[in-house]
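First residue of the sequence shown? That's 2 in this note's numbering, and the numbers climb one at a time after it.
It should be emphasised that the hints constitute simulated quantities derived from the structure, not laboratory data. In this text, all values refer to a predicted model and were calculated from it rather than measured experimentally. We treat Cβ as the ideally placed atom computed from N, Cα and C, and that holds for glycine. Treat the hints with caution; some may be incorrect.
Here are the computed distance ranges between Cβ atoms for each label pair [said to hold, decoys possible]:
#, residue 1, residue 2, range
1, A31, T84, 27 to 33 angstroms
2, L66, R43, 31 to 37 angstroms
3, W86, N116, 42 to 48 angstroms
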Amino acid sequence: MRMRASFPRPPRPPLNRAAARNATLLNLCATPGLGSLIAGRRAAGLGQLLLAIAGFGAVCGWLVLLAWQIYNAATRGAELRPTSWLGGAGAALFALAWIWSLFTSLSLLREARANEPGAGRPPPL
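Could you put the whole structure together from the sequences, leaning on the hints where they help?
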């Protein structure tokens with residue numbers, strides 16, 4: 002017996018300029034990938050979000066490791082080991098997610114401009 006979806010997903014309306022602008026602001030000013038997800042770009046949004054979370058986690062891990070080493074150096078006289086690679090890798094991952102979300106945002110804005118009424122017509126004389 003075939004199963005059918007209980008709640009079929011309605012077709013997404015065409016992207017308008019306000020939605021594209023809001024998705025761009027979310028992507029570039031808040032969290033890379035979140036605006037892409039809201040605009041309906043699931044694969045790109047998930048990739049951007051995962052890269053941003055991984056980069057943020059690596060930077061946070063580097064800060065915790067650095068604080069732990071400084072604490073040990075101050076209390077036990079341990080020497081500091083280089084851990085800047087972790088912070089650099091995290092920053093690079095986050096920057097990659099942000100750049101990817103920039104290109105996706107530009108694509109969203111271009112799509113919204115093409116969806117405007119009268120976008121394909123020449124200007125009146």
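42 to 48 angstroms was suggested as the range; check whether the CB atoms of W86 and N116 agree with it. holds, 45 angstroms
Starting from the range 27 to 33 angstroms, see whether the pair A31 and T84 falls in it by beta-carbon distance. holds, 28 angstroms
Per the hint of 31 to 37 angstroms, is the separation of the Cβ atoms of L66 and R43 within bounds? For L66 and R43 the Cβ distance comes to about 34 angstroms; the hint holds.
The structure agrees with every numbered hint stated previously.
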